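Undergrad: Sequence:
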Amino acid sequence: LVSCVGWTTADELYSCSDDHQIMKWNPVTSETTRVLKLPEDVYPLDLHWFPRAVGGKKQSQAESFVLTSSDGKFHLISKLGRVEKSVEAHCGAVLAGRWNYEGTALVTAGEDGQVKIWSKSGMLRSTLAQQGTPVYSVSWAPDSDKVLYTSGQQLIIKPLQPNAKVLQWKAHDGLVLKTDWNSVNDLILSAGEDCRYKVRKFYFLGLLLSWFLVVFIALFWEELLRRCGCVQTLRLCDKTGWSYALEKPNTGSIFAISWSIDGTQLAGACGNGQVIFAHVVEQHWEWQNFQITLIKRRTMKVHNVTDDAVDLLEFRDRVIKASLSSGYLVVSTSLQCYVFSTRNWNTPLIFDLKEGTVSLILQAERHFLLVDGGGLYLYSYEGRLISSPKYPGMRTDILNALTVSLSNDTLAVKDKADEKVIYIFEALSGKPLGDGKPLTHKTEIVEIALDQKGLTSERKIAFIDKNRDLFITSVKRFGKEQKIVKIGTMVQSLAWNDSCNILCGIQDSRFTVWYYPNTVYVDKDLLPKTLYEKDASEFSKSPQIVSFVGSQVTIRRADGSLVHLHISPYPAIFHGHVSSSRWEDGLRLCRFVKDQTLWACLAAMAVASKDMSTAEIAYAAIGEIDKVQYINAIKELPSKESRLAHMLLFSGNSQEAETLLLQAGLVYQAIQININLYNWERALELAVKHKTHVDTVLAYRQKFLEDFGKKETNQRFLQYAEGVSV
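All letters in the sequence shown, in the order written, are residues 1 to 726 by UniProt numbering.
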C-alpha cells in the first residue's frame, strides 16, 4: 500500500509505500521514476516537504522532506534521494511529522504518546507532551507558536512557551485519527472513528459543524475546499460542510491525501498500491447576465443567459484562479494572466506572471489585484502594473477575500501578525494612505470591506471584529483620530453594493441593509430609520453573502444552496441623484415612493452635503420637528462661518465647530456653544485665553448653579469670580 504523498511543485509529486520505495511522479507527462529504495525494515508513515518560503527567500520548489517511519525514526531526505540524517525519535512508530511554516522547527508525534519539537537539523529541542495514548496527528498553528495534537477522543492545543494556557476539549465520540489547521482562515478540522468530521474556528471553539463519514483529511493552505477520504471514497467539501462532489475510485482505502501548491489538483495514497490524481473542475463564476464554468483544466465555457450565446475559452496552461466582475474576467494560469472584456471574448489581453501560484484575485471598477507568494500586485485592465504595496512582516500566503479589500483608489489589508491592525494604501502609488499610520482597533478583526463608489476623501471601510460587532470608519485620517463607530452586532457576513454605497449584512437572525451608513457621522439618531430589515431564518445557520450587485443579493446557505434576494431599487436610484447634486429629483422620488426610510436617507445626505433647505423638508417628512426648528435657526444666522459651525454642531462635531469659529475670529460664539453644551471649563479657558467675556461665562455659570440650588466648588471659577464683578 502507498502510505503518504507530497507535492514539491504543482507538477511534481513524491510518494512512499510499504515496498520501501520513494517514487517521483509528473502528472503532466505521466512520467514516474524511482528516487530511493529504503532499507527493508523501514516502513514509511508520513511525509512532509520543507516549506518553500524561508527567511523571506522564496525557493521555486522544496528541496528536502521529512519522512517518519514505523521503526521509531524520522529521516531527513533530499529531493535527489539522499538520506541526510536518520534520528531515533520515539519508542514505537513515528505517526506524524510536520515542519512549521518558517522551516525553523519540526514536530513529531509517536505511538509512545509523546510530542517532540526538533531543530531544522534534527536536534531535539523539547518534549512538548507525554501521554498514555498514541498521538495520531499533529498540526502547527498558523503563526507557528502553538501545536495541535490528538489524544484519544480529545484535541489539545499547546503553546510552545512554558506555563502558557493549554486548550483541551472533547472533539469526537470515537478516537480522533486526523487533524489539520488552516493557516488562511484559522479553521481547525478533525476526523474520528465516530464517522464524523468537524470544523471549528480557533478563537471561537464552539462547534460549528459535524457532518459525514470520514477517515482522512488534508487541507490545502488557501482553498476553502477539503477532501475527505474513506473506503474507496473521495469527497470534496466546503468549509461549511456541504458536499461539492463524491467520487468512488476503485483503489482500496485512501490513506493520505495532499493538495498541490496551487490548489487545483490533489493526490491520494491508495491501499492497492496506486497513486490517484484528481483535479478540481466545474467551478462557477457569475456576474450580471454571464455565467462562466471551468469545464476542463484548460477550458472555460461562457454562457450569456440573455441571448443564450455560448463561447469556449481555451488556455495554454491549467487555470488556477479566476474572477468575474466590473465587466471583466481575469484568469490566472500557471504562467500567464488573461484579461477578457465581457464585450469581446475573442481577444484577451495576456501578460506573463512572475510566479505562477496566484492565490487571490480581487477586482474593482478600474483595476484588479493579484496576490501570489511574492507579493501584492495591482494591475490596470490594460495589463499595466500600477503598484505593488508592501508592509512590514507581509505574508501573502495567508491573505484571502475576507482580509483584503480593493476599491478604485484604496487597498486595505488586515495584518496577520497583529490582527487588530488594518494597513491602508493608495491604490495608484502603493504608498500608505494619509499620515502613513495603519488603522488600529481595540479587538481582533475578522473581515474587512471597502465601499466602492463616491469621492476618495469620503472612502469608508466596514469591518467585523471577533465579537461579531460591525464597525465603520473613514480611511482618510490626517493626524486626528477618526471615530470608529459601531453600527451592528452579531454580524455573520457583509458586502458593499457594486454601484452605490449601500451596505448589507446578516446580523443575528435578521438580514439588514444600511441604505446610507454615513448617517452615523451626520445624525446618529437617524441611523435606525435608514435601515431595511428582513427575517433571515429562511437562510438557515451561518449563511454567507456571496455578492451584492445592483438590487440583487446572493446568499449561500449552510447546505450550499444559493438564495437570491431582491431589495428595493429606489435607494440606488436615489444615491445616483444625490451624488450628482440633483436634490429636486431626489425630493420628487421620495414624494413618489412615500417611504420613511428614503426620507431619512435624504435628510442625512442633505446635512452631509450642507444643503439645509432639502434637509428641512426631509426632517419635516419624518416628523423630527426639533431638528426642523434648529435648521431654521441655523438658516437665520448672519455669517457663513457661524452657519457652517452650527451645521457641524448639528452632526455632533463640537470640537470642529469651535475650531472653525475661532479661526473666523468669532470668539464669543465659540464660548457660547461651550456654554450651551455645559462645557464650562472649556468656555472659561477660551474667555481667559482671549481676555474677553470672562464675566459672561461666570454669569451663565452662576445662573446655572442657582437654578439647581448648588454652590460653586470649582477652584478656577472661584478664583476668577473674586477678580471680576458679574
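Hints in this document: simulated from the structure, not taken from any laboratory.
Fair warning: there could be bad hints in the mix.
Said to hold, decoys possible - Below, computed lysine to aspartate or glutamate pairings styled on DMTMM-like, alpha-carbon distance capped at 25 angstroms:
#: 1; residue 1: K73; residue 2: D41
#: 2; residue 1: K85; residue 2: D19
#: 3; residue 1: K437; residue 2: E656
What the hints assert, rightly or not - Computed Cβ-Cβ distance ranges for the label pairs, DEER-style:
#: 4; residue 1: H303; residue 2: P249; range: 25 to 33 angstroms
#: 5; residue 1: K524; residue 2: G174; range: 48 to 56 angstroms
#: 6; residue 1: T127; residue 2: G174; range: 40 to 48 angstroms
Computed from a predicted model, the values in this text were never measured in an experiment.
We put the beta carbon where it would ideally sit given N, CA and C, even for glycine.
Undergrad: Run every hint past the structure and note whether it holds.
TA: Now for the hints, and whether the structure bears them out:
1. Of the pairs offered as hints, the one joining K73 and D41 holds, with about 11 angstroms between alpha carbons and a cut-off of 25 angstroms not exceeded.
2. The straight-line distance between the Cα atoms of K85 and D19 is roughly 21 angstroms, inside the 25 angstroms bound, and the hint therefore holds.
3. Proposed proximity of K437 and E656 is supported: the alpha carbons are some 22 angstroms apart, at most 25 angstroms.
4. For H303 and P249, the hinted distance range of 25 to 33 angstroms is satisfied, since their beta carbons lie about 30 angstroms from each other.
5. A hinted range of 48 to 56 angstroms holds for the C-beta pair K524 and G174, which are about 53 angstroms apart.
6. The hinted range of 40 to 48 angstroms is not satisfied by T127 and G174, whose Cβ atoms lie roughly 27 angstroms apart.
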